[in-house]
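Trainee: This is what each chain is made of:
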Amino acid sequence: MKNKITLQKFIPSGWFLTVLLIFAGWSLIILFGRENPFSVFFYIIQGFMGDTYSLFSTFNKLFVYVLAALAASIPAWTGMWNVGGEGQLVLGGFMAACFATSVNTGVPILNILLVFMVAALFGGLWALWPAWFRVRWGVNEVVTTLMGNYLINLFTLYMVNFPLRAKGSTWPRMAYIPENFELKSIGNTELSYTFLISVVIVVLMEIIRRNSITGYELQLTGKNSVFSKQGGIRVDRVKIWSMFIGGAFAGLAGGLLVLSLNKTFIAGFSPGYGNIGLLISLIGGNMPWAILGIALSFSALQVGSLNMQLYTKIPPEITGVLQSIMVFFIAARKSLKFRKKTGGAEE
Amino acid sequence: MSNIVEMRDINKTFPNNIRALKNANLMLKQGEIHSFVGENAAGKTTLMNVLYGIVHPDSGEIYIKGKKENITHPEDAIKSGIGMVHQHFKLVPEFTVLENIILGKEQNYIKSGWRVDYTKAEAAVQDICKRIRVDLTLNEKTEMLSIGIQQKIEIVKALFKGAEILILDEPTTVLAPNEISNFLSFLKDLREQGCTIIYISHRLKEIFDISDRITVMRHGETIKTLKTNETTMEEISSLMIGKEFKKTIPPLPKSLKSSECEVLKVIDLTVKDESTRLEQVSLSIRRGEILGIAGVEGNGQVELADAIIGLQENIEGEIYFNEQLINHHNTYQRRKLGIHYVPDDRMKKGLALDTGMNENAIMGYHRESFLRKKKFFIDWESSKKFTKDIFENYRVEGMNAPEDYVQNLSGGNMQKLIIGREMITNPPFLILAQPTVGLDFGAQAYIHQKIRELSEKGISFLVISEDLDELMNLSERILVLYRGKIAGEFLAENGYDEKEIGYYMTGVRGNEE
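If you read the sequences in order, they're chains A and B. Quick note, the first sequence lines up with residues 1 to 347 if you use this note's numbering. Quick note, the second sequence lines up with residues 1 to 513 if you use this note's numbering.
It is worth saying that the hints were derived from the structure and are not from the lab. Treat the hints with care, as some may be off.
Restraint-style ranges between C-beta atoms, simulated for each label pair [stated by the list, open to error]:
id, chain 1, residue 1, chain 2, residue 2, range
1, A, 236, B, 92, 54 to 60 Å
2, B, 107, A, 226, 57 to 63 Å
3, B, 324, A, 186, 37 to 43 Å
4, A, 163, B, 95, 54 to 60 Å
5, B, 115, A, 332, 33 to 39 Å
List of simulated lysine to aspartate or glutamate pairs, EDC-like, C-alpha gap at most 20 Å [said to hold, decoys possible]:
id, chain 1, residue 1, chain 2, residue 2
6, B, 79, B, 94
7, B, 161, B, 273
8, A, 223, B, 345
9, B, 485, B, 212
10, B, 188, B, 170
11, B, 499, B, 206
12, B, 227, B, 206
13, A, 223, B, 404
14, B, 349, A, 236
15, B, 29, B, 9
16, B, 348, A, 190
17, B, 120, B, 143
18, B, 384, B, 397
19, B, 29, B, 262
20, B, 485, B, 316
21, B, 22, B, 397
22, B, 105, B, 94
23, B, 29, B, 212
24, A, 223, B, 344
25, B, 375, A, 179
26, B, 336, B, 397
27, B, 373, A, 206
28, B, 141, B, 94
29, A, 223, B, 354
30, B, 22, B, 58
31, A, 223, B, 403
32, B, 22, B, 32
33, B, 450, B, 469
34, B, 374, A, 236
35, B, 68, B, 164
Ideal placement from N, C-alpha and C gives every residue a C-beta, glycine not left out.
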């Protein structure tokens, strides 16, 4: 406790300082790469918002991070750990691609909505069984959801390599989805509908979290489930539903990836989106509005680093390092704030 | 005798603007048992936490053995010879007694570089045990031991760390009645060995039994320090509440005759998990009746309450509420019928500590129409009003804003909040488990008053308590639970015999086996 107190004096909380520290850390890394930090920052910024095209690319990538993060945070409200966002996302994408390549109603909007439902359903189901195991037999959901990731990754890898592989493809992938399944951009812009969908979902979830009876029951279950049970909340049911909804968001993310960016399901479909989502959810404190902001910065870094790579000697892999520096300082700030809050009045 | 500890003009204001200590003083003499009394939130625990380095005072000075000390961390306190035993023990259940005692000091007992030298450590611990005359089996696992023994382990542990001054924060609340007198004489023994003890408690009887001096605290101030043999319980009580204390708790009004209508009926209730928790328990409660359940903790009281409210699994038997079989109702449905529950552990079961006071206040009512708007949403404005109602009607203190975390309240106020929450809507039937544990006289009397008022309105109560005085004051009938069975039944109209009930509680009488 002694050390914590002195630490607080040196690092006053405040977002301004956190941001400053993040940039300082970034500059240090960039200096190691023998580049001028300011020019690198300039290229990154130019890369993600230099013109409408780059700005829209940033927005169009946003949905994966937002939905993958929500996949972890909705269960976290009830005290469940969903670390299986990755598997749920991949399964959602896989089933979406399967559906799109085998069923076709001929009506684009109907096609798309059906794919949404299929992707969300399978993502949700892949989160449902760990929840059920947890509630029924007390099996730790961290283990089951994590194992679920490997199952799905290997299963889909096999499927796209052998039975479902598109003829003549050099990289293992399924056939491209028909054109009337593709998710178009809004109007004449380059902005995809996925951006709109993710923003609507965030707003909806934020309203549910703050004001709804459901949100109250979910969160109180997470804070103290024994207490909630006594208040008449059906804790087990609430936990199972929260996992299903979380999984459904991850599955939807996979489905949207297939319909908007990828147009097919390929081997190595997700470069760890589920895990990044878990991270975003953690540093955002499971709050949808915070998740939106952090997801935006992740997406911006991702898109901006492509430009950085073109004009500087910094390799794009450094993006991961920059992300971790950001995560580190945000997490550090949160823990400092947390310590201040504890230690209330007892008698 | 010189003062071994002096605390002068200690001030502390918590971040939520609650002034916990106002120029508090403590003059502790070598080798005395010094009691601290005061109402809930009077600042007793905070003052002790200052001495132990958990809370940092805004101003004030601490002298230990005449030397000014700056205690910023419990380590400093331990170095100065201060040990504290908390209300909730901090023992590792899987460890043996010996391992628990030497934990944190094991570095001093190392052999061949890295192994703990248990023989040497055991000898050192045995030395202390012999000195203070406690008999501990050092190689037993801690989880197997009773709470009374665990408490002794905590004390031995503090002494092992070199404590000469022991701070005991309400040590007897966790003990069964028969363990208490044993524990108190143990403390007297410690005093003879030269230990100085600070004793915090609500129970005046105990305080007068063991202490040399008593300091009364009120609203963060140390009002007065008195020699025990020069004062009376009445004087201390009136100092505590700041006005002349009348022995309240009027006898049960005779006019109160419960009507014959049965509200709750339990037939042959049996609860089994690994062992049998409840066996063939049958009871019935009439309208307006207050039924007391006596018994030492862990004899099936919690299981009985949980079974009635619908939290207990694996039950056999039948439970009727207003002649309706409710075995298969879930907790929500039972609450809807009007069964409310004040659980025995306010921190773990009664509240979610890191959520707002209003969020805690509306639990169980959050689906009711008076807190709802547009079907799916919680009306936070009404929730705040509802919270304020509870705070006003049940004299809960310590709220700045309804959204503040409930952990900012003191233990007693938490309990009042829970009781208020369950009582304020006048449900037809209430289960109260340990309703006044940790409450001061004023609050206790007030809660009892409320219970009586409601029972006269026809509301029935099942009161589970370890405090026999409380049960004898409140209930018309007392059932004694012993090892999951009803061992005896006592009626108020025949007059209660405390000793006799005690025999049934400890299994001396009843249950022919």
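Trainee: Determine for every hint whether it applies to the structure shown.
Mentor: Going through the hints against the structure:
1. The hint said 54 to 60 Å for the Cβ distance between residue 236/A and residue 92/B, and at roughly 30 Å that hint is violated.
2. Evaluation of the 57 to 63 Å hint for residue 107/B and residue 226/A yields a failure: the beta carbon distance comes to about 38 Å.
3. Restraint check, residue 324/B to residue 186/A: a C-beta distance of roughly 58 Å breaks the suggested window 37 to 43 Å.
4. Separated by about 55 Å at the C-beta atoms, residue 163/A and residue 95/B satisfy the suggested range of 54 to 60 Å.
5. For the hinted restraint 33 to 39 Å between residue 115/B and residue 332/A, the CB-CB distance of approximately 38 Å keeps it satisfied.
6. Using a Cα cut-off of 20 Å, the hinted pair residue 79/B and residue 94/B is violated, with the two alpha carbons roughly 28 Å apart.
7. For the hint pairing residue 161/B with residue 273/B, the CA-to-CA distance comes to about 40 Å; that exceeds 20 Å, so the pair is violated.
8. Our distance criterion of 20 Å between C-alpha atoms is met by residue 223/A and residue 345/B, whose separation comes to about 16 Å.
9. Pair hint residue 485/B plus residue 212/B does not hold up; C-alpha atoms about 42 Å apart against a cutoff of 20 Å.
10. As the CA atoms of residue 188/B and residue 170/B are separated by approximately 16 Å, the hinted pair is consistent with the 20 Å bound.
11. Of the pairs offered as hints, the one joining residue 499/B and residue 206/B holds, with about 18 Å between alpha carbons and a cut-off of 20 Å not exceeded.
12. Taking the CA atoms of residue 227/B and residue 206/B, the gap is near 15 Å; set against the 20 Å cutoff, the hint holds.
13. At most 20 Å may separate the alpha-carbon atoms for a hinted pair to count; residue 223/A and residue 404/B meet this at roughly 15 Å.
14. Annotation: proposed proximity of residue 349/B to residue 236/A holds, straight-line Cα distance about 16 Å (limit 20 Å).
15. At roughly 18 Å between alpha-carbon atoms, residue 29/B and residue 9/B fall within 20 Å of each other, so this suggested pair holds.
16. Restraint check: the Cα-Cα separation between residue 348/B and residue 190/A comes to about 53 Å, which exceeds 20 Å; the hinted pair is violated.
17. Using a Cα cut-off of 20 Å, the hinted pair residue 120/B and residue 143/B is violated, with the two alpha carbons roughly 24 Å apart.
18. Restraint check for residue 384/B and residue 397/B: satisfied, since their Cα atoms lie roughly 15 Å apart, inside the 20 Å limit.
19. The straight-line distance between the Cα atoms of residue 29/B and residue 262/B is roughly 58 Å, outside the 20 Å bound, and the hint therefore fails.
20. For the suggested pair residue 485/B and residue 316/B, the alpha carbons sit about 14 Å apart, so the restraint of at most 20 Å is met.
21. A threshold of 20 Å between alpha carbons decides the hint, and for residue 22/B with residue 397/B the separation of about 18 Å falls inside it, so the pair holds.
22. Between residue 105/B and residue 94/B, the direct Cα distance comes to roughly 18 Å. Compliance with the 20 Å bound is thereby established for this hinted pair.
23. Taking the CA atoms of residue 29/B and residue 212/B, the gap is about 10 Å. The hint holds against a cut of 20 Å.
24. At most 20 Å may separate the alpha-carbon atoms for a hinted pair to count; residue 223/A and residue 344/B meet this at roughly 19 Å.
25. Taking the CA atoms of residue 375/B and residue 179/A, the gap is near 42 Å; set against the 20 Å cutoff, the hint is violated.
26. Distance check on the hinted pair: residue 336/B and residue 397/B sit about 29 Å apart at the alpha-carbon level, beyond 20 Å; violated.
27. At most 20 Å may separate the alpha-carbon atoms for a hinted pair to count; residue 373/B and residue 206/A meet this at roughly 17 Å.
28. Distance check on the hinted pair: residue 141/B and residue 94/B sit about 6 Å apart at the alpha-carbon level, within 20 Å; holds.
29. Of the supplied pair hints, the one linking residue 223/A and residue 354/B holds, its CA atoms being roughly 7 Å apart against a limit of 20 Å.
30. Taking the CA atoms of residue 22/B and residue 58/B, the gap is about 10 Å. The hint holds against a cut of 20 Å.
31. Proposed proximity of residue 223/A and residue 403/B is supported: the alpha carbons are some 15 Å apart, at most 20 Å.
32. Taken as a hint, the residue 22/B and residue 32/B pair is broken in the structure, with Cα atoms around 25 Å apart against an allowance of 20 Å.
33. About 17 Å separates the Cα atoms of residue 450/B and residue 469/B, which keeps this hinted pair within 20 Å; it holds.
34. For the suggested pair residue 374/B and residue 236/A, the alpha carbons sit about 26 Å apart, so the restraint of at most 20 Å is broken.
35. With a C-alpha separation of about 17 Å, the suggested pair residue 68/B and residue 164/B falls inside the 20 Å cut-off, and the hint holds.
Of the numbered hints stated above, those contradicted by the structure are hints 1, 2, 3, 6, 7, 9, 16, 17, 19, 25, 26, 32 and 34, listed in ascending order.
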